[in-house]
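4 protein chains.
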Amino acid sequence: MDYVYAPGKNHLFVPGPVNIPEPVLRAMNRNNEDYRSPAIPALTKTLLEDVKKIFKSTTGTPFMIPTTGTGAWESALTNTLSPGDRIVSFLIGQFSLLWIDQQQRLNFNVDVVESEWGQGANLDVLESKLAEDGGHTIKAICIVHNETATGVTNDLSKVRFLLDKYKHPALLLVDGVSSICALDFRMDEWGVDVALTGSQKALSLPTGIGIICASPKALEASKTSTSVKVFFDWKDYLKFYKLGTYWPYTPSIQLLYGLRAALDLLFEEGIDNVIARHSRLGKATRLAVEAWGLKNCTQKEEWYSDTVTAVLVPSYIDSSEIVRRAWKRYNLSLGLGLNKVAGKVFRIGHLGNLNELQLLGCLAGVEMILKDVGYPVKLGSGVAAASAYLQNTIPLIPSRI
Amino acid sequence: MDYVYAPGKNHLFVPGPVNIPEPVLRAMNRNNEDYRSPAIPALTKTLLEDVKKIFKSTTGTPFMIPTTGTGAWESALTNTLSPGDRIVSFLIGQFSLLWIDQQQRLNFNVDVVESEWGQGANLDVLESKLAEDGGHTIKAICIVHNETATGVTNDLSKVRFLLDKYKHPALLLVDGVSSICALDFRMDEWGVDVALTGSQKALSLPTGIGIICASPKALEASKTSTSVKVFFDWKDYLKFYKLGTYWPYTPSIQLLYGLRAALDLLFEEGIDNVIARHSRLGKATRLAVEAWGLKNCTQKEEWYSDTVTAVLVPSYIDSSEIVRRAWKRYNLSLGLGLNKVAGKVFRIGHLGNLNELQLLGCLAGVEMILKDVGYPVKLGSGVAAASAYLQNTIPLIPSRI
Amino acid sequence: MDYVYAPGKNHLFVPGPVNIPEPVLRAMNRNNEDYRSPAIPALTKTLLEDVKKIFKSTTGTPFMIPTTGTGAWESALTNTLSPGDRIVSFLIGQFSLLWIDQQQRLNFNVDVVESEWGQGANLDVLESKLAEDGGHTIKAICIVHNETATGVTNDLSKVRFLLDKYKHPALLLVDGVSSICALDFRMDEWGVDVALTGSQKALSLPTGIGIICASPKALEASKTSTSVKVFFDWKDYLKFYKLGTYWPYTPSIQLLYGLRAALDLLFEEGIDNVIARHSRLGKATRLAVEAWGLKNCTQKEEWYSDTVTAVLVPSYIDSSEIVRRAWKRYNLSLGLGLNKVAGKVFRIGHLGNLNELQLLGCLAGVEMILKDVGYPVKLGSGVAAASAYLQNTIPLIPSRI
Amino acid sequence: MDYVYAPGKNHLFVPGPVNIPEPVLRAMNRNNEDYRSPAIPALTKTLLEDVKKIFKSTTGTPFMIPTTGTGAWESALTNTLSPGDRIVSFLIGQFSLLWIDQQQRLNFNVDVVESEWGQGANLDVLESKLAEDGGHTIKAICIVHNETATGVTNDLSKVRFLLDKYKHPALLLVDGVSSICALDFRMDEWGVDVALTGSQKALSLPTGIGIICASPKALEASKTSTSVKVFFDWKDYLKFYKLGTYWPYTPSIQLLYGLRAALDLLFEEGIDNVIARHSRLGKATRLAVEAWGLKNCTQKEEWYSDTVTAVLVPSYIDSSEIVRRAWKRYNLSLGLGLNKVAGKVFRIGHLGNLNELQLLGCLAGVEMILKDVGYPVKLGSGVAAASAYLQNTIPLIPSRI
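Residue numbers (our numbering), protein chains in the order written: chain A, 1 to 401; chain B, 1 to 401; chain C, 1 to 401; chain D, 1 to 401.
In short, the hints are calculated from the structure, not lab data. All residues carry an ideal CB built from backbone N, CA and C; glycine is no exception. Any given hint might turn out to be false.
[As the list claims (entries may be wrong)] Using 30 Å as the maximum straight-line C-alpha spacing, the simulated DSS-like pairs for lysine-lysine come out as follows: (1) D:Lys340 - A:Lys242; (2) D:Lys378 - A:Lys340; (3) B:Lys239 - C:Lys158; (4) B:Lys328 - A:Lys283; (5) B:Lys378 - A:Lys283; (6) D:Lys378 - D:Lys340.
[Unchecked claim] Take a look, some chain B residues computed to stay more than 12 Å from chain D by CB distance: (7) Glu22; (8) Arg26; (9) Gly84; (10) Leu243.
[Stated by the list, open to error] Here are the computed distance ranges between Cβ atoms for each label pair: (11) C:Asn339 - B:Thr393: 54 to 60 Å; (12) C:Asn339 - B:Ala276: 29 to 35 Å; (13) B:Ile401 - C:Asp264: 55 to 61 Å; (14) B:Pro398 - A:Glu268: 38 to 44 Å; (15) B:Asp101 - C:Val112: 45 to 51 Å; (16) A:Val112 - D:Asp50: 37 to 43 Å.
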């Protein structure tokens with residue numbers, strides 16, 4: 001028997017790992033295979049071609065590395081930069097903090113641009129730095145598209161605008177871990193040089209593939225990067241791409257077939273419809289939060305995230321108790337507040353293979369928990385606000401019309 | 001790709017087949033095995049012992065026949081009765097109707113006691129018949145514990161009381177298809193002679209096992225029954241029980257392991273806790289219906305069902321449209337109104353491996369659908385009413401305290 | 001942990017249930033669904049159309065009943081015949097015996113034509129009976145295509161020839177349980193009126209669907225049959241076929257998707273290639289038996305079965321010990337000798353989703369077991385004989401050329 | 001449908017990834033979970049405790065990193081050594097070559113001790129180096145326990161003996177990728193400082209966990225290592241071990257449950273029994289090779305590997321053709337010859353969840369392929385030789401006695 005059995009389905013609303021669709025679970029339910037047989041390269045080839053679509057890139061080169069988002073970060077940095085390189089990086093929450101920590105430990109020279117948690121990247125500071133950097137000492141801009149800890153989405157088109165304005169050649173490295181396949185993301189249009197995500201996020205797979213897409217400019221940069229790396233070295237991949245065997249070391253057979261199924265589902269729904277669905281889920285969540293009389297950790301509408309909402313609780317409540325209670329009484333998994341916002345926010349992840357009624361069940365659960373912990377919520381109020389919006393906006397399911 | 005893919009989880013709220021717990025899906029994910037090896041009889045032995053617990057019987061003999069509920073009905077009848085035998089049977093909805101149809105086609109002499117759909121079995125008529133039957137021409141009373149079409153639960157203890165009052169030896173045959181493992185059911189205490197259910201109902205398995213439990217009196221009756229049967233003949237099972245090989249023909253290996261897992265989960269939760277959970281789900285649903293200003297098809301509280309609620313819609317609405325819309329827009333599966341109540345009711349099944357937040361998601365969906373079809377529901381009202389009750393009554397999850 | 005764990009794969013060589021292909025396991029790894037939604041009828045429609053192909057019938061009407069082969073037998077008999085009807089039935093082994101037992105218990109008047117176990121149906125006797133039956137008192141001929149207990153395949157085209165020769169209108173009812181999808185079977189060409197199989201045989205699914213195909217003549221006969229039946233009544237199916245909802249009661253969702261996958265695999269391989277593969281497996285097995293110096297229970301080559309081989313052991317050996325030892329030492333599942341041939345034969349089932357190297361592993365195992373039990377086999381001899389044949393005949397795998 | 005469907009089971013005899021046991025597939029067939037809930041740390045704790053047993057270590061500290069064997073190598077090196085450190089490394093085949101390549105690219109100063117492919121590590125050279133290194137400039141000895149490309153097992157106890165003889169403090173870093181859980185491996189007894197394997201090898205899981213065990217001395221060394229690393233940094237793990245949350249970044253939920261199941265199976269069989277089983281499989285394979293008149297790539301018995309056998313083919317045969325044919329005609333997956341032995345050897349992997357009859361099926365297949373490609377093998381000869389040995393040595397299955 002499992003460790004902590006509870007009747008019914010676990011309501012998984014952490015911002016990753018997220019719910020896996022049944023067809024993907026089915027696709028992964030298989031024995032190992034020889035990855036050097038003709039079958040796996042043939043499969044890999046379709047994946048490399050199709051995975052670019054989730055980045056909206058036609059010119060990029062994808063890498064599907066057996067690692068996590070943290071490894072994908074490392075791959076992005078060590079393949080394009082050299083020790084001592086100056087980079088500008090935005091600290092706006094726990095995940096950007098961790099990436100900056102990695103950047104520093106990898107011996108890059110990081111200009112940290114900090115914002116209050118709940119705000120987006122301070123692009124005014126970026127502009128100043130770019131304006132002052134006529135000598136192009138800045139080698140890269142590192143930014144999270146969506147900060148998972150605070151539910152803040154940064155405006156990447158603005159970053160590109162500034163780089164272009166100052167004709168600055170810095171690479172643009174983007175953490176799309178909690179955005180890609182869920183938020184509007186346009187690698188080619190926005191001139192992103194490296195974008196990355198993890199399989200357990202909006203792709204709705206198990207953890208295990210760090211998916212990276214590199215622009216031609218990033219690939220060019222990788223030729224001269226002197227950062228030490230082997231496992232994460234793109235060169236080994238590129239060598240095997242040429243050979244047509246694709247893998248410098250053993251991939252997970254199950255995840256490859258799972259990724260195939262996941263992409264098929266995304267394409268069947270349509271990437272733009274997937275993004276629209278996340279937009280509905282995000283908006284509905286925020287309407288519920290408002291109806292409860294609570295505040296969004298995200299301070300301005302322009303930064304609202306459609307994949308995760310961090311909810312501020314009144315000071316007399318410990319948000320960790322909300323998360324514990326969700327799990328212990330309602331079989332609901334919510335995200336904790338991390339680091340600076342520990343105890344102050346709880347997070348509702350609304351990304352990946354999720355529909356509106358699942359979200360409404362979660363919101364109904366949150367209402368009961370809020371009451372449990374002494375917050376005077378009006379039961380049903382959040383669901384009502386969310387439903388009023390959703391009932392107007394949910395489209396018919398195309399395959400069932 | 002599946003036929004009718006939609007993002008997120010299908011919300012399955014028909015009164016069967018119901019949601020299968022993940023541990024059960026896992027247990028069934030296996031190759032076939034030789035059912036004559038020592039492993040399958042050993043497994044079967046534990047199942048036969050443990051399956052009696054879901055009937056609350058220690059004296060009964062269970063049969064796990066590879067069939068559906070319809071086959072289980074046929075097994076109950078043809079093993080205990082002989083053609084021409086007089087039986088009393090209650091017509092209160094579509095499933096009791098189908099069972100009566102079967103009884104008649106199997107050449108029994110059926111006294112049909114009809115009630116309006118939405119009412120329980122008319123036990124006053126039963127009492128009259130018993131009172132008049134000093135000669136014991138009535139060989140069996142056939143009754144559904146829970147009529148799935150109307151959401152009506154009959155009072156079996158009352159039936160036993162009447163049989164005892166008149167010292168009547170008629171067999172008591174009970175369809176427990178939508179009650180056993182969900183409603184309070186006491187085979188031994190209530191003197192039920194044959195009780196039966198199907199694996200796809202509250203046991204939360206796939207369809208494929210008709211589970212029957214026969215009292216010693218029923219077994220005795222089976223020795224003299226002259227009804228023609230082979231596949232459903234208990235004698236063949238009893239012969240193989242004695243041999244210790246248990247199976248007169250090939251069982252489903254997967255369902256046996258699945259049943260083992262399903263029973264383990266039920267016992268881990270505790271049968272009485274399972275029943276209490278269904279009681280919460282039923283009550284919460286009825287509170288929502290009331291808040292919406294709609295009527296329960298079940299006419300009196302004494303018959304309210306904790307496994308399925310049939311909701312009457314205003315005459316200007318076609319309830320089938322509600323069910324269609326649920327599926328086409330919200331990935332929600334509701335039960336149609338059947339036969340006499342077609343177009344007039346839709347049904348919410350709330351049985352099996354289900355928790356409160358799943359139900360609240362469903363109720364939120366029903367509210368939006370009601371609005372879709374022109375009923376002036378106040379969004380959030382049903383969820384609020386249900387939540388207010390649930391927030392007071394949901395226990396902590398024992399494995400997580 | 002499972003009851004009787006052993007390292008590596010269980011070598012499943014009983015003549016059913018057989019090995020399930022991974023794609024079929026995957027297809028069945030799913031939650032329940034509402035069988036009244038549009039998805040399941042749409043799926044069912046494709047199944048009913050395609051399942052006819054395994055019978056090589058274009059004019060037949062298929063029924064996919066949630067039951068076993070025993071239930072499929074009962075369905076064939078009770079839908080086409082009436083109590084007291086005279087039928088000719090061939091007793092050539094345990095399964096024909098069981099069918100005859102069923103025929104008798106269902107009150108048909110059975111002319112049993114018995115052969116020694118190891119011989120085919122005595123068609124000379126059939127001819128005499130037909131010749132003498134100018135009054136057409138014989139209503140049906142019942143015959144197993146392949147007797148699973150002895151590994152004997154009957155010549156159905158000969159039966160048809162005799163019926164035609166005598167212009168006899170008797171129905172031809174065929175048990176194809178261990179033949180269909182494995183042996184050459186031609187329902188329409190041979191004028192079979194009812195053919196049937198079980199899902200756990202050469203279709204390589206779990207147990208749970210009795211698949212029956214009825215000729216127009218059989219359907220016509222069903223209109224006047226007075227046998228008592230409800231669960232097995234084709235009329236209920238035909239009624240729901242007309243409604244387009246297809247199911248008079250709840251099917252197994254998992255088996256429907258599994259059947260879809262199983263048929264897809266069979267069609268991808270090509271039914272004739274499937275039959276050729278079974279022919280190779282059968283021949284290879286017989287060559288091994290010969291090399292071991294043992295006798296096939298089947299007495300003449302014309303009756304040799306390509307799905308199961310019953311091997312006679314010397315009188316100083318108990319064949320049950322071979323089966324026990326296979327399981328206890330080699331994780332190999334062989335078939336027991338049944339009834340008259342108990343202790344005298346063991347059976348190698350070589351049907352379903354199986355390839356040549358799997359069979360050779362089994363044969364190597366049997367050699368070791370024979371040595372274990374004191375038979376002076378030359379190790380490797382059977383494998384050598386089988387390999388010599390197979391190495392000449394195995395085709396390239398079309399999808400891999 | 002899958003890309004390259006073939007009937008029956010794929011015979012997977014590459015030396016990794018290997019066959020996954022059904023109970024492990026079942027354990028992994030699950031949705032994602034919140035890895036910050038109490039359930040995953042509780043599970044992780046049992047894994048960290050139990051995984052040490054496969055190393056035969058009580059004093060080591062294990063790390064289960066979401067990566068492959070290549071990443072595990074990198075973790076072992078970068079956590080214990082600093083750039084410029086002198087290490088002695090043995091080049092005896094493709095995998096030791098790749099590790100040395102990594103060592104060099106990570107800027108270590110590698111004394112490469114090369115042997116002819118087919119020979120073990122030259123420990124005489126090691127002795128000379130140790131004898132000459134009074135100043136302890138050698139910081140580590142890097143050695144593969146089992147070279148997967150040539151099927152050569154090195155004598156680790158001898159390495160320890162030499163280190164002790166010269167009282168040399170160099171760290172002993174061991175690649176146990178194709179040995180641990182299959183060959184006799186004694187981390188504590190042999191004074192191994194870092195040992196590592198990958199989940200897809202003898203543990204019989206999918207690819208995705210690099211499992212490393214570090215001795216107290218290795219942990220001590222990690223405190224002063226200046227190699228640049230973040231993803232592979234043990235310090236991050238140790239920090240989360242102390243917190244009791246265990247994971248610095250997201251693990252694969254599925255692999256954790258899979259590892260639990262895999263360890264349970266290994267412990268149920270008994271690690272020593274697992275090793276004995278591999279010994280039988282290795283010996284049987286070598287006997288077959290000998291019977292075919294072919295040579296083992298491994299030049300001396302002391303180096304024979306019980307997990308993989310590389311078979312030399314006559315010069316007129318291209319061993320790649322054997323591998324291709326195995327896959328195209330027999331659904332058998334064999335290992336290619338790599339690099340220096342490309343075209344000259346094919347490899348039979350006989351590790352992981354595998355039993356004797358599976359191996360015999362493979363050997364029978366190899367015989368047919370040898371004949372296909374023009375080698376005058378006597379069909380059955382290898383199987384006979386292997387069987388003769390196995391029939392004497394296979395024990396009864398303990399759970400079935």
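Hint check results:
1. D:Lys340 - A:Lys242: Holds, at about 20 Å.
2. D:Lys378 - A:Lys340: 74 Å, violated
3. B:Lys239 - C:Lys158: With a Cα-Cα distance of about 38 Å, the restraint between Lys239 (chain B) and Lys158 (chain C) is violated, given a limit of 30 Å.
4. B:Lys328 - A:Lys283: At roughly 22 Å apart (the allowed maximum being 30 Å), Lys283 (chain A) and Lys328 (chain B) satisfy the hint.
5. B:Lys378 - A:Lys283: Holds, at roughly 20 Å.
6. D:Lys378 - D:Lys340: Satisfied, since the Cα-Cα distance of roughly 29 Å is no more than 30 Å.
7. Glu22: The claim is violated: Glu22 (chain B) sits with its nearest Cβ about 6 Å from chain D, within 12 Å.
8. Arg26: 5 Å, violated
9. Gly84: Given a closest Cβ separation of 51 Å, the condition holds.
10. Leu243: 20 Å, holds
11. C:Asn339 - B:Thr393: 54 to 60 Å: Roughly 59 Å apart at Cβ, these two residues keep to the hinted range, so it holds.
12. C:Asn339 - B:Ala276: 29 to 35 Å: 51 Å, violated
13. B:Ile401 - C:Asp264: 55 to 61 Å: Check failed, 48 Å falls outside 55 to 61 Å.
14. B:Pro398 - A:Glu268: 38 to 44 Å: Taking Cβ atoms as reference, Pro398 (chain B) and Glu268 (chain A) lie about 41 Å apart, which means the hint holds.
15. B:Asp101 - C:Val112: 45 to 51 Å: Given range 45 to 51 Å: violated, Cβ gap about 36 Å.
16. A:Val112 - D:Asp50: 37 to 43 Å: Given about 42 Å between the Cβ atoms, the range holds.
Violation of the numbered hints given earlier is confined to hints 2, 3, 7, 8, 12, 13, 15; the remaining hints are satisfied by the structure.
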